[in-house]
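Colleague: Spelled out, the chains give:
2 protein chains.
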Amino acid sequence: MDQSDLTNVSARSWQLSERARKLTSSAIREILKVTERPEVISFAGGLPAPVTFPAEQMRAASDRILRDAPAAALQYSATEGYMPLREWIAARYSQGNVQIRASQVLITTGSQQALDLLGKVLVCPQSPVLVETPTYLGALQSFSLYEPHYVQLSTDDAGLIPAALTPELTAGARLLYAQPNFQNPTGRRLPLERRRELAAFAQNAAFPVVEDDPYGALDYRGEPLPTLLSMAPEHIVHLGSFSKVLAPGLRVGYIIAPEELHFKLVQAKQATDLHTPSFTQRIVHEVVKDGFLDTHVPTIRALYREQCAAMLAALERYMPEGVTWNRPEGGMFVWAQLPAAIDTMKLLEDAVAQNVAFVPGAPFFANEAQRNTLRLSFVTVPPEKIDAGIARLAALIRARI
Amino acid sequence: MDQSDLTNVSARSWQLSERARKLTSSAIREILKVTERPEVISFAGGLPAPVTFPAEQMRAASDRILRDAPAAALQYSATEGYMPLREWIAARYSQGNVQIRASQVLITTGSQQALDLLGKVLVCPQSPVLVETPTYLGALQSFSLYEPHYVQLSTDDAGLIPAALTPELTAGARLLYAQPNFQNPTGRRLPLERRRELAAFAQNAAFPVVEDDPYGALDYRGEPLPTLLSMAPEHIVHLGSFSKVLAPGLRVGYIIAPEELHFKLVQAKQATDLHTPSFTQRIVHEVVKDGFLDTHVPTIRALYREQCAAMLAALERYMPEGVTWNRPEGGMFVWAQLPAAIDTMKLLEDAVAQNVAFVPGAPFFANEAQRNTLRLSFVTVPPEKIDAGIARLAALIRARI
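Chains A and B, in that order, are what the protein sequence lines are.
Quick note on numbering: UniProt numbering labels position 297 of the first sequence as 297, and the sequence is numbered without any gaps.
Quick note on numbering: UniProt numbering labels position 135 of the second sequence as 135, and the sequence is numbered without any gaps.
Just so you know, the hints here were simulated from the structure itself, not pulled from any lab data.
The reader is advised that the hints may include incorrect statements.
Since the list gives no way to pick out one identical chain from another, each pair is judged satisfied if it fits inside one copy or across any two copies.
Taking lysine to aspartate or glutamate pairs in the DMTMM-like style, the calculated list, with each CA pair at most 25 angstroms apart, reads [unchecked claim]: (1) 385 to 350; (2) 33 to 349; (3) 289 to 223; (4) 22 to 80; (5) 22 to 259; (6) 346 to 30; (7) 22 to 147; (8) 385 to 349; (9) 33 to 350; (10) 385 to 306; (11) 33 to 259; (12) 33 to 260; (13) 33 to 87; (14) 33 to 80; (15) 22 to 260; (16) 289 to 63.
Remember, it's a predicted structure, so these values are computed and weren't measured experimentally.
Using the sequences and the hints given, assemble the complete structure.
Modeller: Below, the structure is given as structure tokens:
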């Protein structure tokens, strides 16, 4: 037996964990690889528009940090995160009766890590985990490694329906996961009254309600609704991120949680990556500490509002009867529903052949999927291309009705 | 029931996962918190010396990257990592018959994340995991979240004894974890002949041998021994890091693995933190790409060699009979054995009261601990303080014999 035979025998025969065996390659990911071709108009991306990245501010901040505090910025640091950044975050969420403590804030390597840590600390195999219908695909990917039993919660065009959270449905759950602001994939925003109901539910629940809020700052009119955290600060686990308001490539997010859970999350994070890079945490703090976001975020809102309007206008102009979609008040996504007979996974293959792309809705459902749905992102496509892309997509749909 | 009562009931009653309930606070960590006081001479740190961080090179690299490629450096990027850095790593490990492919390299958020991903992908509850006696504490922390059954492997002053890897002992194992170069905590380096034996074992094993190599570049004479990877490239999972040769605060490490395992690790990483920060990966590449390490690493070696010599001289000068220690040929640690009756956990409390600190050996043992052992780091303590600190510690030990 020569070396190459041994190779094949050995690496392939290594036994994987149960959870790893369940990991499958995404068919969508394979199809979407071609969308990097410049001729493709892609509404598939979940990426923020790079024109919104404050590169010069980051450059100046990096330079100051490596000039003034190189040893600290380049050394190992506390698992909990950079204290001035934790304090800044706590202060930003504190107002009136609601006081968030820096001791509740854990800095994470992007919000995705927050999901992994919550799975680690809360989920056992077959634990019930409550999710919206549909829900964020990245959360499903994270939690699934801990092998939960998903329970899909009822939703309508306004999002989660708190009245449907019956004791029978929620018994034994380890967490409820929700994105109340401009949800990925639907773009839905939970109305004020439902927030009050969900916060009241959280106060009596035996498990945390997780409020994942990467898009909250991106409401087009600058009229945010109160967070669940502000309504029930000791009963909500709030996830935040600088990815959509500064830049995702720094991978800086955070978890705000009651101290009891915070300590466990810190222990889990220590075993997971010791700490988020000291340097990137300091860059974020240096850029935001003097109020930069107050002038910067409105420019992102204005850009996305304009591109969202262009997409809604194009949908109105081109889509045949039988196609419906929502009108987001913020965020990055429009959610569309096609006639029931159209499977958007199959539609995607034809669309890509016509140089237009989107994300099929099916992977965003934890259990039974609505296969006639799709997600459209407008944030990285200029208005004239939005019009052309939606026209192409509408023609394909029309041909299938 | 008022708001604060609800708080106490609720957050404390949230049910944690089995793995999280097993996480305990480290008594050592609590004791060592006081070692941040300036009057304490601490041999407890595992931190590299900040004088070795190339801050000016990092500053210039950051500036160039944010000037020339801000959109790419600040945007989401591939889970696998920054391709030029992956190619640089693959080339660095390729020589003669051994060709490492960029497609085998996954960039991780520090080496600690590599351990978490291996646990995720390979370890089920009660899976046998083979570890050295003692072994790296951080690896135990990572793997333990996946609830393995640890099997302690026989070692002597030269490290792991491959001849003791019998079929009975290794049956059903999911991985063997080893640090052949200047192991943390013992500073031991595995001799060439044992490397050959361990590589041969790996070629016939039904599980990967994981070669964790953060300290390999730090051999004081600049005469590295060949890696296990170079001896059995398709049978070894090799972990590397820029933490000890550039700076740990960037959190950039990597896994080299056969593609079959690599793909699974990529899927697991995607669910864990999407990707390591784009910016820090580019900084590392920008600093190392033109041969910087070839001149930089010898300066780190020279510093650590000198401080190691100072510690060995002080141990020789002050330690009473009955205390033994090794003479590392590289790395950051000396491992000492005290008379059997001395429990170094208890010794630590007295030592801290006398303003000198170390890490007790017990937590580095997966199962039965040798409680009369301790780890001494010399890299952040100047020679005159090393002498004073060891004198104090020796006096405490002498009083207990």
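Colleague: Take the hints in turn and mark each one as holding or not.
Modeller: Evaluation of the provided hints:
1. 385 to 350: within (19 angstroms within a copy, 71 angstroms between copies)
2. 33 to 349: within (12 angstroms within a copy, 58 angstroms between copies)
3. 289 to 223: within (22 angstroms within a copy, 48 angstroms between copies)
4. 22 to 80: between (32 angstroms within a copy, 20 angstroms between copies)
5. 22 to 259: The answer is between: 18 angstroms across copies meets 25 angstroms, while 33 angstroms in one copy does not.
6. 346 to 30: within (14 angstroms within a copy, 57 angstroms between copies)
7. 22 to 147: For residue 22 and residue 147, the Cα distance is within 25 angstroms both inside one copy (9 angstroms) and across copies (18 angstroms).
8. 385 to 349: Intra 20 angstroms, inter 68 angstroms, cutoff 25 angstroms: intra-copy only.
9. 33 to 350: within (15 angstroms within a copy, 61 angstroms between copies)
10. 385 to 306: within (13 angstroms within a copy, 64 angstroms between copies)
11. 33 to 259: between (42 angstroms within a copy, 19 angstroms between copies)
12. 33 to 260: Between copies only: 20 angstroms across, 43 angstroms inside.
13. 33 to 87: between (40 angstroms within a copy, 21 angstroms between copies)
14. 33 to 80: between (36 angstroms within a copy, 14 angstroms between copies)
15. 22 to 260: So residue 22 and residue 260 pass the 25 angstroms test across copies only (15 angstroms; inside, 32 angstroms).
16. 289 to 63: both (16 angstroms within a copy, 21 angstroms between copies)
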